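**Student:** In case you want the letters, here they are:
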Amino acid sequence: MADAVHIPDEAETRARWGAFAWNDENAEKAKIVLGRYPAGREQSASIPLLDLAQRQVGAETHTQGWLPVPVIEFVARQIGVPYMRVYEVATFYTMFNLAPVGRYHVQVCGTTPCMLAGSDDVLAACKNRGLVKGGTTPDGLFTLTEVECLGTCANAPMVQINDDNYEDLDYDRTVAVLEALANGEAPAPGSTTGRRASCPAGGPTTLKEMVDANHDYRGEWA
Amino acid sequence: MPKLKVDGIEVEVPQGATVLQACEAAGKEIPRFCYHERLSIAGNCRMCLVEVKPGPPKPQASCALPAADNQEVFTTTPMVKHAREGIMEFLLINHPLDCPICDQGGECDLQDQSVAYGRGQSRFQENKRAVTEKYMGPIVKTIMTRCIQCTRCIRFAEEVAGVEEIGAIYRGENMQITSYLEEAVTSELSGNVVDLCPVGALTSKPYAYEARPWELRRTLTIDVMDAVGTNIRLDSRGRQVLRCVPRINEDVNEEWASDKTRHAVDGLVRRRLDRPFVRKGGKLVEATWDEAFAAIAAVDAGSSVAAVAGDLVDCETMYAAKALLASMGSTLLEGRQTGMDYDTSSLAAVNFNTTIAGTEEADAILLVGTNLRWEAPLVNTRIRKAIKRGAKVFAVGPETDLTYKVQWLGADLSVLGDLPDAVTTAFGEAKKPMVIVGGGALKGGHGAALKLAETLNLVRDGWNGFNVVHMAASRMGGLMLGYAQKGGIADLADAKLTFFLGADEVDFSRFGGFKVYVGHHGDKGAAAADVVLPGATYAEKSGTWVNLEGRVQRGERAVFPPGDAREDWTILRALSEVVGTKLPFDSLAGLREEMYTAVPALRHEGLARFEWNAPALDATASGVMDGYPIKDFYLTNAICRASPTMQRCSAELIHGQDFAEAAE
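Chains as they are written, first to last, in numbering that gives the first Met the number 0: chain A, 0 to 221; chain B, 0 to 663.
No lab work stands behind these hints: they were computed from the structure. One or more of the hints may lead you astray.
[What the hints assert, rightly or not] Counterexamples of contact, computed for chain A against chain B with all Cβ distances above 10 Å:
id: 1; residue: P81
id: 2; residue: L140
id: 3; residue: G189
id: 4; residue: T205
[As the list claims (entries may be wrong)] Straight-line alpha carbon distances no greater than 30 Å define the calculated DSS-like cross-link-like pairs of lysine-lysine that follow:
id: 5; chain 1: A; residue 1: K30; chain 2: B; residue 2: K404
id: 6; chain 1: B; residue 1: K387; chain 2: B; residue 2: K430
id: 7; chain 1: B; residue 1: K2; chain 2: B; residue 2: K57
id: 8; chain 1: A; residue 1: K132; chain 2: B; residue 2: K127
id: 9; chain 1: B; residue 1: K430; chain 2: B; residue 2: K384
id: 10; chain 1: B; residue 1: K630; chain 2: B; residue 2: K485
In this text, all values refer to a predicted model and were calculated from it rather than measured experimentally. For every residue, glycine included, the Cβ atom is placed at its ideal position computed from N, Cα and C.
In isolation and in its complexed conformation, chain A is listed as follows (with noise of 0.2 Å):
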């Protein structure tokens, strides 16, 4: 995050963004998220009102969405705080942007367990592809950040593309994602070597009688 490019408040920005408000359809979502919480209690949408202004942002740019300062300034006068409050939460969380970002942010996870388990193959993948960390590439389509953990560990190691976890890399299989991703199509989230969820690689080592069905084990308990 801190070798994030950060987008001041900028004429440009205003003038592009200053007149954001919600579409139609957010616009109805936003009164759902509002709902959630009681009168005097608006502040606590920040989150996800910021959620949903930078998913309309994406549509707008055709991106994963960021959050210029004007849009944030749009959500906190809709919840009734100082600017202040709210662009303190849109700097704390990485998953807002605060700089443009391209088609598909691809956030590799660097940390302990990812890294024993190949994460350096993954940026390496990434960066053959020409993607630079805390930069777009020049189609507009990947932008790479570093990110820490992010609660993947079992299948380490993983990016987050968007919305979706890519799960159980390595260098060839996160080219083919990066691929696959640049050809316009959608590959499957979760893990690639095809485990579910985060059952033991190479099939169970114990318990191998649980896996089609409940099996009572407690006669065997010697």
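Once you have looked at the hints, place chain B on chain A.
**Tutor:** Okay, now just chain B, sitting in the frame of chain A:
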């Protein structure tokens, strides 16, 4: 009332007190950075760790731990010592070692506490973090690498100043304190974050690199920038006042001061009148004291003499002028320079009767024609406290941002005669109702507001909810000394000789007679005068001031006036030998003794009591207020107008002028 033991000392603390407060009650010093008794508890610096039994076997942050019965607190055990050393080491990891060039040096909490509680060296071998400077406006200079993220400034901006423009962005090691988009903080109290900052991250911009605290001579005095009477300390070196900081007075300013109070002091050495001037051939030319006095004596005024007191003068000056006029046979005294002529037959009817501290207890407040944020910023913070306790606030006047939610009733004063139901219901239920009348409404609405005291039952046992907000430090003292005419300043216009005591806001074209200006700054008053006698500012004389609630306060002299300038009362005393009969006092003590005899209420420091005896005035109010009396908070008197800092504040914060930060 929990009873607990701190290092074996038994203490009893009020319900809801924290362990830190219990330790203080036991006389134990607990180091802290984020904890501040006037702000909410954050508990994020961890410097106040103590050992508490019963409890988990680890040190606990005492500032956020409620004191409970039968607790045993230890503040000197090896565990506590070790914990403090550890925290100190962590805090210093990213703190630069630039104390020799830091303005906080010598009065820095981090410096003091690292000497007292630190281990002396660091084991940190990596690179230190660096943070870019943030722009926070013309008052606050930032060196954010020094910041230890105590968040006191954020909490102050949110809770006391009511301007949520300071915050912490990013997170973890990247966390940075900044104003929103690095714009100037638009608070009239922003200077207080400099005092709150326990390190040198936020320092005073006008005072940058001016002096070290141990070089300064401290003088306790009273501020004159508004009528609140903020208790201040003037720090001077040689003949110059270098800075002004607030003193703690719970009844008046707590420990805050407005930016004008703090930073107008650089106006004390600019545009000063340092010698007498006499107008010759339409032009003011330098003169000696004798020539100036001779020019005044030459005026054949007889008893047609008047005196106008400016906003900043002390009671001693006003009394000396009153005595001088009396010796010449006149009582034409007036202090309300802008032509106000409200009734002063009962001082309680023009006083802030609830008292500043009492405002906190009010549960229904009606503001009538007052922009408190500018007229009395430190009363405004008290209203914020009252709101926190549940008070409802209504306001009559043009809508403006008072930093809190107000139900506006429109700018038409006639609403006072026919208050909406919401107001009458709120005031009907209120135990401590309060009406605050400002200068904007005194002209047309004084009578109607006084009528409200009756209809809303503002004056009851042990509570007086009728209040008037004045804007001049000299006003209440002046009224006590008789500086008020029935028709206001218009009654003085025909005087053949008029003394203007630091009065700069007068419409001088209405005065046809000979004008003598006794004051300290070359402002409008001096420009219009026929004779200018150089006087002393509030920093250069010991004086008595009465604040808007009738509190008599005395200040000491910090420095001497420049050049030939003299303390005002001595000028009037010397002049009396030339133009009238010699005044019967030769010393400040002698003057004061006479003044006390004339107005006994001035003898004792503290609240002067005024009997509630409201005059019956015409209760019909009409007229639409088109604005508040103060048009520019930062330029209300001659001293601020001479101050480059205040000029800059005005240009930037009021008039929106853009000052690009020069690259450093």
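**Student:** Could you run down the list of hints and mark each one as holding or not?
**Tutor:** Against the structure, the hints:
Not every CB of chain B is more than 10 Å from the CB of A:P81 (nearest about 4 Å), against its label as outside the interface. For A:L140, the condition that its CB be more than 10 Å from all CB atoms of chain B holds, with the nearest at approximately 27 Å. Against the 10 Å criterion, A:G189 stays outside the reach of chain B, whose nearest CB is about 29 Å from its own CB. Taking the minimum C-beta to C-beta distance to chain B, about 37 Å, the non-interface status of A:T205 holds against the 10 Å cut.
For the given pair, A:K30 sits about 25 Å from B:K404 by alpha-carbon distance, which is consistent with the 30 Å threshold. Of the pairs offered as hints, the one joining B:K387 and B:K430 holds, with about 16 Å between alpha carbons and a cut-off of 30 Å not exceeded. Restraint check for B:K2 and B:K57: the C-alpha separation of about 22 Å stays at or below 30 Å, so the hint holds. Between A:K132 and B:K127 the alpha-carbon distance is near 23 Å, which keeps this suggested pair within the 30 Å criterion.
Straight-line distance between C-alpha atoms of B:K430 and B:K384 comes to about 17 Å, which keeps the hinted pair within the 30 Å bound. Between the alpha carbons of B:K630 and B:K485 the distance comes to roughly 26 Å, so the proposed pair stays at or under 30 Å and holds.
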